[in-house]
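Note that the protein sequences, when read in sequence, are chains A and B.
Position 164, counted from 1, in the first sequence is what my numbering calls 164; the numbers after and before it change by one each time, with no gaps.
Position 134, counted from 1, in the second sequence is what my numbering calls 1134; the numbers after and before it change by one each time, with no gaps.
Hints in this document: simulated from the structure, not taken from any laboratory.
For every residue, glycine included, the Cβ atom is placed at its ideal position computed from N, Cα and C.
Keep in mind that the hints are not guaranteed to be accurate.
As the list claims (entries may be wrong) - Okay, derived cross-link-like pairs now, DSSO-like style, lysine-lysine, Cα gap no bigger than 30 Å in a straight line: (1) A:K161 with B:K1080; (2) B:K1390 with A:K51; (3) A:K26 with B:K1080; (4) A:K38 with B:K1232; (5) A:K161 with B:K1059; (6) A:K161 with B:K1028; (7) A:K38 with B:K1388; (8) B:K1232 with B:K1059; (9) A:K51 with B:K1388; (10) B:K1407 with A:K162; (11) B:K1407 with A:K38; (12) B:K1080 with A:K50; (13) B:K1016 with A:K162; (14) A:K161 with B:K1277; (15) A:K38 with B:K1059; (16) A:K26 with B:K1388; (17) A:K26 with B:K1028; (18) B:K1044 with A:K26; (19) B:K1277 with A:K51; (20) B:K1047 with A:K162; (21) A:K162 with B:K1232; (22) A:K26 with B:K1231; (23) B:K1277 with A:K26; (24) B:K1028 with A:K152; (25) A:K162 with B:K1044; (26) A:K161 with B:K1044; (27) B:K1388 with A:K152; (28) A:K109 with B:K1254; (29) A:K152 with B:K1407; (30) B:K1390 with A:K152; (31) B:K1053 with A:K50; (32) A:K162 with B:K1028; (33) A:K38 with B:K1080; (34) B:K1390 with A:K26; (35) A:K161 with B:K1016; (36) B:K1053 with A:K162; (37) A:K161 with B:K1047.
To be verified - Pairwise CB distance ranges (calculated): (38) A:D35 with B:K1231: 30 to 36 Å; (39) A:P33 with B:Q1200: 33 to 39 Å; (40) B:R1417 with A:K109: 25 to 31 Å.
Here is how the chains run, residue by residue.
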Amino acid sequence: MIVTTLKGKAWILGDDIDTDVILPGKYLVLTEPDDLAKHALEGLIPDFYKKISPGGIIVAGKNFGCGSSREHAPLALKYAGVGAVIARSFSRIFFRNAINIGLPVVIAKDANSQISQGEEVLIDLERGTVRKSDGKVLIAENYPSFLLDILKDGGLLQNLKKRFGEGKL
Amino acid sequence: MAMTISEKILARASGKKTVEPGEYVVGKIDLAMIHDLTGPLMLKVLKEVGYDKPWDREKAVIIFDHQVPANTAVTAQLHKELREYAERHQLINFHDVGRQGVCHQLLAEKYVKPGMLVVGADSHTCTLGALGAFATGIGSTEMASVFLTGELWFRVPETIRCMLNGEFGIGVSAKDAILKIIGTLGVDGALYCAVEFVGQGVEKMSIDGRLTLCNMAIEMGGKTGIINPDKKTLAFAGGAAGAFVSDEDAEYSKTFEFELGRLSPQVAMPHSVDNVKPIEEVGDVEIDQVFIGSCTNGRLEDLESAAAIIKGKKVKAGTRLIVIPASQQIYLEAERRGYLRDFIQAGGVVCNPNCGPCLGGHMGILADGEACASTSNRNFIGRMGSTKAKVYLVSPETAAATAIEGKLTDPRALLRRR
C-alpha cells in the first residue's frame, strides 16, 4: 500500500526521453532492481542514482519513456530513488509498466515549463494535482479508478498476490 | 455503429457488440508471447505471486531471440530458467536454440491469424497488425497477469488512418514509406492510437513489406499498426475471409496521405526516429558498419533486395557488413537462393537468426565515434552500443548500396548503372 500524496524535489528532463537512455539494452540481462538502479538514465546522466535525492520527482516534457516495452526502465528509476514521474505525456507501454510496478506517473501539461530544477513539489494522485513550492496548483489528468487501485496496492504484483497467492486456488 | 478493424477486434475479444475510442474494456487474449529478455522478469513476478501455471498452454509462446545462442553466463542462466519453465508446464510453443528467430517474425510465420487479439512482452509486437490482428506490446508484470488470467484491460484507441497511394519506384520500399510517415507525424504523433494503413499502395505491398510498415508504428507512439486483411493475408496466415475489416464509414481521428511514387529512399538521422531526411539531403556520411536484419527488415524480400545490389560486388574496405536473417525459415530459403553466398562473397558476415546488434546485445556492438547504417528501428543514443556512436536507419536497399560505397548511398544510383 502506498500513500497517494508524494513530496519530492524536482529533476527536470526534456522531451522524448527514451527507454534506451533510461536503461540501456546491455543491462536487460539484469533482473535485480537494485542492480538496474545503478544504470538508471545512464545514457543521459551517468550515476543518476547517486545524484537524485530519495523520493525525487522527475518532471519531463512529452512522450516520456518512448521506445521499448522493457519494464526494467521504470524499475531502474524506482529503485534509483525516483518517487514519481510527472510528464506532459507518456509513451503508452511505459505508462502501464510504471503503474504496474508501483511507480506513480502523472500527466500534467505544463509541468516542465512551470517547475524548476530542485523545486519541492507535492503530488496528490487521488485529486489529480501537483502543488508547486509557491503554492500554485497544476492540474493533472485523473486516473481511471482501477488504475489508482493498482497504484494504491503498490503495483500489479500485490494485486495478483491477492487473487492468485497462496491458498487462493 | 460503424467501427474500425481495431474496434471490431477489441469488441469481439471483450464480448461486446460495439466499442468506442476512450472506452476501457477487458479483452480475452488469443496469443501471448515472451522472449529471453522480458520472460525472465515475468517469471520473477510469477515466483513472487507463488503460482505460475499459464492459463492456456497453447496460447502461450516463448521465443529465444535477443541473445541467441547465449552470449554470456548471465544470458545462459536466463535461457535456462525459461527452458525449465517451458518444460515444467509442457509448453508446446517454445522456440529454443535451433527453433529460434526474431519473435515477431516467428509469430507471423507460425501463429498469428487475422482477427486475433495478441500481446507480446516486446514493443514491436505491433508488427503483427500487418496480418489483420490487433497486436500490442506490454511489460513483464502485465504479462504475468495475462499468463495467469488470459485477460488484459485496454483503452480502446482512436485510429489514425495513413493512406498510401501509388507504387514504389525502383530502389524504394516499405521501410522508406514508414520512415517518411514517422518523419511527418513525429515520434509521438500516434501516441496511444492505432495506425491503420490503407490504400492502393498497401494493397500492392507484399506481406513482408506490410510487416515492415506496421513494425514501426510504435516509433510514433502507436499502440498498434494494423492493415485490413485481404487475399494476400489469408493466403499467408489463413483465417476466414472478411472476418474483421474496417467499415467504410468508420471514424478516424486523423487521416494522412502519402504518394509512394514520389518517394526517395529515406534516412532517419541520429538520434531520433523522426529525424528523417531523403537520401539526397544527407550529404557525405562515412559508415563503419552496415547491419541488415531485425524485426523490421530481416525478411526474405529484404535479403533479396539487398543481395540483388551486393551480388558480384565487394563491401568497401573499412566498412563491415553484418547480415542476420530474421528466422530459420528465411535463413534456409536465403541459403537455397544463394543470397547468403552473395553477402559472404562480397565480404560480409552472416549470423544466425536473432536480434543481433539492434539493441546493443551482441554481434556487432558499436565503439565510440562509429557510425552504423542499420535496417533496424531505433537510433536512440546508446542503442547499438557506445553512447558516442551514431545510428542511421535505412532500407535494405540503401544499406546494401552503403556497404559497397562505405558511405550513405542512394541505391537507385547503383540500380540505374546496371
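Against the structure, the hints come out as follows:
The straight-line distance between the Cα atoms of K161 (chain A) and K1080 (chain B) is roughly 25 Å, inside the 30 Å bound, and the hint therefore holds. Between K1390 (chain B) and K51 (chain A) the alpha-carbon distance is near 27 Å, which keeps this suggested pair within the 30 Å criterion. Proximity of K26 (chain A) to K1080 (chain B) is assessed by CA-CA distance (about 19 Å); at most 30 Å being required, the pair is judged to hold. Distance check on the hinted pair: K38 (chain A) and K1232 (chain B) sit about 48 Å apart at the alpha-carbon level, beyond 30 Å; violated.
At roughly 23 Å between alpha-carbon atoms, K161 (chain A) and K1059 (chain B) fall within 30 Å of each other, so this suggested pair holds. Only pairs whose Cα atoms come within 30 Å are accepted, and K161 (chain A) paired with K1028 (chain B) is accepted, the gap being roughly 21 Å. For the proposed pair K38 (chain A) and K1388 (chain B), the alpha carbon gap of about 20 Å is at most 30 Å, so the pair holds. For the hint linking K1232 (chain B) to K1059 (chain B), the alpha-carbon distance of about 24 Å falls within 30 Å, and the restraint holds.
A threshold of 30 Å between alpha carbons decides the hint, and for K51 (chain A) with K1388 (chain B) the separation of about 22 Å falls inside it, so the pair holds. Restraint check for K1407 (chain B) and K162 (chain A): the C-alpha separation of about 57 Å exceeds 30 Å, so the hint is violated. For the hint linking K1407 (chain B) to K38 (chain A), the alpha-carbon distance of about 37 Å lies beyond 30 Å, and the restraint is violated. Taken as a hint, the K1080 (chain B) and K50 (chain A) pair is broken in the structure, with Cα atoms around 34 Å apart against an allowance of 30 Å.
Pair hint K1016 (chain B) plus K162 (chain A) holds up; C-alpha atoms about 28 Å apart against a cutoff of 30 Å. Only pairs whose Cα atoms come within 30 Å are accepted, and K161 (chain A) paired with K1277 (chain B) is rejected, the gap being roughly 50 Å. Among the hinted pairs, K38 (chain A) with K1059 (chain B) is inconsistent with the structure: their alpha-carbon atoms are about 36 Å apart, more than 30 Å. In summary, the hint linking K26 (chain A) to K1388 (chain B) is supported, as the alpha carbons are separated by about 15 Å, within the 30 Å threshold.
Of the supplied pair hints, the one linking K26 (chain A) and K1028 (chain B) is violated, its CA atoms being roughly 34 Å apart against a limit of 30 Å. The straight-line distance between the Cα atoms of K1044 (chain B) and K26 (chain A) is roughly 19 Å, inside the 30 Å bound, and the hint therefore holds. At roughly 37 Å between alpha-carbon atoms, K1277 (chain B) and K51 (chain A) are farther apart than 30 Å, so this suggested pair is violated. This hinted pair checks out: K1047 (chain B) and K162 (chain A) have alpha carbons roughly 14 Å apart, not beyond 30 Å.
The suggested pairing of K162 (chain A) with K1232 (chain B) is violated, with an alpha-carbon distance near 46 Å, which exceeds 30 Å. Proximity of K26 (chain A) to K1231 (chain B) is assessed by CA-CA distance (about 41 Å); at most 30 Å being required, the pair is judged violated. A C-alpha spacing of about 29 Å is found between K1277 (chain B) and K26 (chain A), which places the hinted pair at or below 30 Å, so the restraint holds. Distance hint between K1028 (chain B) and K152 (chain A) is fulfilled; the C-alpha atoms sit about 25 Å from each other, no more than 30 Å.
Proposed proximity of K162 (chain A) and K1044 (chain B) is supported: the alpha carbons are some 17 Å apart, at most 30 Å. About 13 Å separates the Cα atoms of K161 (chain A) and K1044 (chain B), which keeps this hinted pair within 30 Å; it holds. With a C-alpha separation of about 41 Å, the suggested pairing of K1388 (chain B) with K152 (chain A) is violated against the 30 Å cut-off. At most 30 Å may separate the alpha-carbon atoms for a hinted pair to count; K109 (chain A) and K1254 (chain B) meet this at roughly 22 Å.
Distance hint between K152 (chain A) and K1407 (chain B) is unfulfilled; the C-alpha atoms sit about 54 Å from each other, more than 30 Å. For the given pair, K1390 (chain B) sits about 42 Å from K152 (chain A) by alpha-carbon distance, which is inconsistent with the 30 Å threshold. At roughly 39 Å between alpha-carbon atoms, K1053 (chain B) and K50 (chain A) are farther apart than 30 Å, so this suggested pair is violated. Our distance criterion of 30 Å between C-alpha atoms is met by K162 (chain A) and K1028 (chain B), whose separation comes to about 21 Å.
Distance hint between K38 (chain A) and K1080 (chain B) is fulfilled; the C-alpha atoms sit about 25 Å from each other, no more than 30 Å. Of the pairs offered as hints, the one joining K1390 (chain B) and K26 (chain A) holds, with about 17 Å between alpha carbons and a cut-off of 30 Å not exceeded. At most 30 Å may separate the alpha-carbon atoms for a hinted pair to count; K161 (chain A) and K1016 (chain B) meet this at roughly 29 Å. For the hint pairing K1053 (chain B) with K162 (chain A), the CA-to-CA distance comes to about 16 Å; that is within 30 Å, so the pair holds.
For a cut-off of 30 Å, the pair hint linking K161 (chain A) to K1047 (chain B) stands: about 10 Å separates their Cα positions. Here the CB-CB span from D35 (chain A) to K1231 (chain B) is close to 50 Å, at odds with the stated 30 to 36 Å. For P33 (chain A) and Q1200 (chain B), the Cβ-Cβ distance of about 50 Å falls outside the hinted range of 33 to 39 Å, so the restraint is violated. Distance hint for R1417 (chain B) and K109 (chain A): a CB-CB separation of about 53 Å, inconsistent with the stated range 25 to 31 Å.
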